[in-house]
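Here is what each chain is made of, one letter per residue.
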Amino acid sequence: MTLPEKAVPDVDGGRRLVIGVGNVYRCDDAVGVVVARRLRNRCRGVCVAEASGEGASLMALWRAEDDVVIVDAVRSGASAGVVHRLDAHVEPIPSAFFNYSTHAFSVAEAIEMARVLGTLPRALVVYGIEGSRFEAGDVMSSAVSGVVDDVVERIAGEFAFSASER
Amino acid sequence: MRTRTINVDYLARVEGEGALRIDIKGGRLDDVKFRIFEPPRFFEAFLRGRNYTEAPDITARICGICPVAYLMGAVHAMEMIGGVTVPTPIRNLRRLLYCGEWIESHILHMAMLHAPDFLKYPDAIAMAQDHPDEVKMALKLKKIGNDVMKLLGGREIHPINVRVGGFYRVPTRREMRAMMDDLKWALDASIKMVKFVTSLPFLEFEQDYEFVCLKHPDEYPLNEGRLVSNNGMDVPISEYDAVLIEKHVPHSTALHTYVNGGGTCHVGPLARYSINYDQLTPLAKEAAKDAGLGETCRNPFQSIIVRGVETVFACEEAIRLVEEYEEPDRPFVQMEPRAGTGYGCTEAPRGICYHRYTIDDAGLIQDAKIVSPTAVNQKVIEKDLWHYVEPNLDRPDDELQWECEQAIRNYDPCISCSAHFLKLEVNRS
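Sequence lines, in order, name chains A and B.
Numbering-wise, the numbering used here comes out as the position in the first sequence, counting from 1, plus 4.
Residue 370 in the numbering used here is what sits at position 387 of the second sequence, and the numbering runs on without skipping anything.
Don't take every hint at face value.
With the Cβ distance kept under 7 Å, some of the chain B side facing chain A (calculated, not the full set) [what the hints assert, rightly or not]: (1) 95; (2) 111; (3) 112; (4) 113; (5) 114; (6) 115; (7) 125; (8) 126; (9) 140.
Across the chosen pairs, the derived CB separations fall in these ranges [what the hints assert, rightly or not]: (10) A:94 / B:202: 49 to 55 Å; (11) B:374 / A:94: 47 to 53 Å; (12) A:44 / B:385: 46 to 52 Å; (13) B:382 / A:48: 58 to 64 Å; (14) B:13 / A:91: 48 to 54 Å; (15) B:167 / A:29: 31 to 37 Å.
Stretch by stretch, here's where chain B covers chain A in the computed footprint (C-beta under 8 Å, at least three residues) [stated by the list, open to error]: (16) 61 to 72; (17) 112 to 119.
Honestly, the hints are just simulated from the structure, not real lab data.
Each residue gets a CB set at the ideal place from its N, CA and C atoms; glycine is no exception.
Please construct the entire structure, taking both the sequences and the accompanying hints into account.
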């Protein structure tokens, strides 16, 4: 396991929160929720939330003192199964990244809105897993299901590192 | 001859894909095209052969922001075929679910998509830098709308708890009561939102519309009513196809709607408000009065205020429905299929949403027709643009483009819903 370049800091009183975004009935769009559910069993002391990606509800999930990891399927043009890691405190989140829109207020817009409103959590890392199939169905493509273990371990590593830093 | 073309290839802050092209030749307005190029989605075609019970869940996927309109259109149509009347608690739960959709949809449009137009911001994120309190309030309001959707619909996007005859599961009284504090906060916040949008600068632009909406004798329309207009139309929804006809035009994958034997019609908040003002709740009427609205409103740019008034209504109505809620004995009424044709027409946030289904004795769908409010409003949007651009031809292209996009967003168009198909071009020659 490789520790991330910039691990999530751990803050007194804050939660370690994983938010799995997606729709489990839309093939590769399930991957965010699948990873979050695996982390529920894999990491003690980690809060797990599942979200549709709707912006206002997403912003209500985190508090300023939390360490947050969001996992979602993305479609940026890369090969299926490619894992992107974005630190919201280091770079803006591209809105064209996510395969979702409810009148254009979803994950990226929620994060950028929170940045402007000063309501970003203390740490916010986004894992975007490149998907290829988003039609109705409950089976992920092999390219996406094949990276779930790795993403689970990488996120566990983020939290382990932050805990060791406490 | 000098040609000017104002061209918006891809309209922002609307759902779906559309464009606008304005051609000006020799100082005269030559053409305005509101183009919808979202690919056809064929929902009506792939409903054929499916069981009548599947129609609500399939059609709810037409839209992520107004799925309740599709759920309700489908269940009402099927229940008409089956002769099912749902008991009052189920009817009230449906009305509450619709209040949730109006709250989250209206607030999203007012604060996130439309208000930036008036204040000359490129988007809500830029607006939030100068108006953080209003944006925070709007986000919380939207989430409360989402929460109502989630409690009754099972989830906030594309609810899955609605079925023909009622619901799969109904909430407990305790679950309903748990929303009360948030709803009371929302009512207060929605009144503040009306004050905020009333402070925006408005263009003078009164239009002579034929408004079409539902009207119900006892309530501001959501799920039920007759199809009425301010021009004498007053028919049951089963006569929709006789009074509103559709035409295909080359520049749109969504069919244009006309009043049979007449011209264009306007559906949505202005129509509902102007025809049903008397049915508004007391605080909604007060908010309208404080905003300077009369009992009708014909300025589409003021639709943002009317959406705010309707949000006050939706909060007030939601509080009443929660207070009066008694758990029904059963969450749904069983329906036995029989051959026939049924109709559903409900008030989506953007206007009437019409469904017609024919099923056979086995309950299999033989024919389906669905008309979204944005499809109906396409032609009146083009007319608004003609009427707005013509006296303003001397204005610079960038100002014209901004105000034309704003004029389109007056209708909160949901292009994804309308496509069976936006991009702005202004061509000056």
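Outcome of the hint check:
For the restraint placing residue 95 (chain B) at the interface with chain A, the shortest Cβ-Cβ distance is roughly 6 Å, inside the 7 Å limit, so the hint holds. Given the 7 Å rule on beta carbons, the hint for residue 111 (chain B) holds: about 5 Å separates it from the nearest Cβ of chain A. With a least beta-carbon distance of about 5 Å to chain A, the hint placing residue 112 (chain B) at the interface is held under the 7 Å criterion. Residue-level restraint check for residue 113 (chain B) is violated (minimum Cβ-Cβ distance to chain A is 10 Å; threshold 7 Å).
The beta carbon of residue 114 (chain B) comes no nearer than 10 Å to any beta carbon in chain A, farther than 7 Å, and the hint placing it at the interface is violated. Interface restraint check for residue 115 (chain B): the shortest CB-CB distance to chain A comes to about 5 Å, inside 7 Å, so the restraint holds. Residue-level restraint check for residue 125 (chain B) holds (minimum Cβ-Cβ distance to chain A is 4 Å; threshold 7 Å). A hinted interface residue such as residue 126 (chain B) counts as satisfied when its beta carbon comes closer than 7 Å to some beta carbon of chain A; here the least separation is about 4 Å, so the hint holds.
Interface restraint check for residue 140 (chain B): the shortest CB-CB distance to chain A comes to about 5 Å, inside 7 Å, so the restraint holds. Checked against the hint of 49 to 55 Å, the C-beta distance between residue 94 (chain A) and residue 202 (chain B) comes to roughly 52 Å, which is consistent with it. For residue 374 (chain B) paired with residue 94 (chain A), a C-beta distance near 50 Å keeps the hint of 47 to 53 Å intact. Restraint check, residue 44 (chain A) to residue 385 (chain B): a C-beta distance of roughly 48 Å satisfies the suggested window 46 to 52 Å.
The hinted window of 58 to 64 Å between residue 382 (chain B) and residue 48 (chain A) holds, with their beta carbons roughly 59 Å apart. A hinted range of 48 to 54 Å for the beta carbons of residue 13 (chain B) and residue 91 (chain A) is consistent with their spacing of about 51 Å. Between residue 167 (chain B) and residue 29 (chain A), the C-beta spacing of about 35 Å keeps the proposed range 31 to 37 Å intact. Check result for the segment 61 to 72 of chain A against chain B: holds, 3 residues qualifying (beta carbon to beta carbon below 8 Å, three or more required).
Evaluation of the coverage hint for the segment 112 to 119 of chain A: fulfilled, as 3 residues show C-beta separations to chain B shorter than 8 Å, against a requirement of three.
Checked against the numbered hints above, the structure breaks hints 4 and 5 and satisfies the rest.
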